[in-house]
Amino acid sequence: MKGRWVARLYNMSVNDDAGGPRSEGRASRLVAPGEDLGDSEGQEAGHGILVMDGRLRATKQGRVTMNGNAVTIEPLRSAYIPRPSDLVIGFVEGCTNNIWFIDIGAPFNAILPMSLGPGRAAFGGTRSLMDIGEAVLCRVQEVEETHSSVVTMKGMGLRKIRSGNIEDIEPHLLGRLIGKGGKSLRQLKEDTDCRIIVADNGRIWIDGELDGIVDVRDRLQVMSAEAKSIGGVA
Amino acid sequence: MGGYGDVQMLDENGLRMDGRNPADLRPISIETGVVPVADGSASIRWGTNYAIAAVYGPMECHPRKIQRQDRAVLDVRYNMAPFSTTDRMRPGFNRRSREVSKVTADALESVVLLEMYPRCKVRVEIEILCAEAGTRCVGLTAASVALAHAGIPMTDMVVSVASGKIHDVVVCDLNKEEDNYGEADLPMGILPNSGELVFLQMDGDLSPDEFKQAWDYNMEAATAIHEIMVEALKGGDS
Chain A
1 MKGRWVARLY
11 NMSVNDDAGG
21 PRSEGRASRL
31 VAPGEDLGDS
41 EGQEAGHGIL
51 VMDGRLRATK
61 QGRVTMNGNA
71 VTIEPLRSAY
81 IPRPSDLVIG
91 FVEGCTNNIW
101 FIDIGAPFNA
111 ILPMSLGPGR
121 AAFGGTRSLM
131 DIGEAVLCRV
141 QEVEETHSSV
151 VTMKGMGLRK
161 IRSGNIEDIE
171 PHLLGRLIGK
181 GGKSLRQLKE
191 DTDCRIIVAD
201 NGRIWIDGEL
211 DGIVDVRDRL
221 QVMSAEAKSI
231 GGVA
Chain B
1 MGGYGDVQML
11 DENGLRMDGR
21 NPADLRPISI
31 ETGVVPVADG
41 SASIRWGTNY
51 AIAAVYGPME
61 CHPRKIQRQD
71 RAVLDVRYNM
81 APFSTTDRMR
91 PGFNRRSREV
101 SKVTADALES
111 VVLLEMYPRC
121 KVRVEIEILC
131 AEAGTRCVGL
141 TAASVALAHA
151 GIPMTDMVVS
161 VASGKIHDVV
171 VCDLNKEEDN
181 YGEADLPMGI
191 LPNSGELVFL
201 QMDGDLSPDE
211 FKQAWDYNME
221 AATAIHEIMV
231 EALKGGDS
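Sequence lines, in order, name chains A and B. Take the first sequence: its position 94, counted from the start at 1, is 94 in the working numbering, and no numbers get skipped. Take the second sequence: its position 79, counted from the start at 1, is 79 in the working numbering, and no numbers get skipped.
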């Protein structure tokens, strides 16, 4: 083993700008968990930030964004955690006599009681209304402290999904997909001539001509791949 | 440990068998996103060590008896592949892997914000594919990169590194021979941003002065390794 094979403390980091250009304080700054983000004085700690001993500390890998005096981290990866009034697309994963269990992509399945379901059936008739594996568009009604949640199908446009395709993207990419004031999403709908519903849990319902669906799918995949390959630097 | 005094591990210039100075680390490289189906993953090459860590979750906690109402549980499994060493490792859990899994979980629990995911479980799988020496440090370092990659909130990343003693000389980051025939080994888990310690073991004996020296080597090395970890995370997936 010769000298080349040896790493010394001072020559270990070869690439100083591996994460792309890092301008101070602006949106493109990438951070890793544990990174110090300055004094917490006059600053508000947002998502992914913790105040420890009067200093702001990143708890997630992502991009720092400043909004007024609120500092938040836009994570590069995130799990979906349900919040009340979220529109979600779920799959029926199981049922009892009067309750459906809906997989909404969160750590826990949500409960859909018969009283909030798509219609009425006799006690024990849950499967005649919605069977296991079927997709539903529903809204999160309540979330407990322990993350168990109840979803409802009572409301405008909430229904069983019978046609089209459902695609998955990571929930933190939704903002990018929708764009400012829904601009990008509107454009996407126009371009592909598809009906698209973007749910808060990162599932996207696409309906229309086959070509259009494939087009939307491709674009979603490109977006996800880009976000991963370049560390989320847009 | 000890008893192999005839093995020459330092040359007349004080260089080690692989040409390193006492304070030098082996070369380290880390990649993220090596397991696409996992929520977060990292692979690490540390000298000839090669390990992969994958993180799944937060997910529903099974079995229910280990579930906690106020926080998530970390389910860490450290495993060495049968082909990772020269004598075949018998596949499956053994006393040693159980111990390493436990100390790794304990170290990670002190940084991961588990209380954000009550009743959940975060699964951390560490697989050692090629083992030279210091695989517990390699595994712990890879696991903390994988956790950060998965977007699990944590107050800091754990950097783990070991120093030890060969022929009464304290050296950083022992290799296979130094680990086998050396006199002592001191693995540490360090939080690089605060300098806190979350994991400490000692195998063999060190005098207070030697301990201090090993401690300093580890602290210095942790800073360098942390830089590589951050770079891997910021550089995007491979």
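Each hint should be verified, as a subset may be incorrect.
Partial chain A-side listing against chain B, Cβ under 10 Å, derived [claimed, not checked]:
| # | residue |
| --- | --- |
| 1 | Leu30 |
| 2 | Gly54 |
| 3 | Arg57 |
| 4 | Pro75 |
Hints are computed from structural coordinates only; laboratory data are not their basis. For clarity, every value in this text was computed on a predicted model and none was experimentally measured. All residues carry an ideal CB built from backbone N, CA and C; glycine is no exception.
Verification of the supplied hints:
| no. | hint | verdict |
| --- | --- | --- |
| 1 | Leu30 | 5 Å, holds |
| 2 | Gly54 | 14 Å, violated |
| 3 | Arg57 | 6 Å, holds |
| 4 | Pro75 | 5 Å, holds |
Against the hints set out earlier in the document, a violation occurs for number 2 only.
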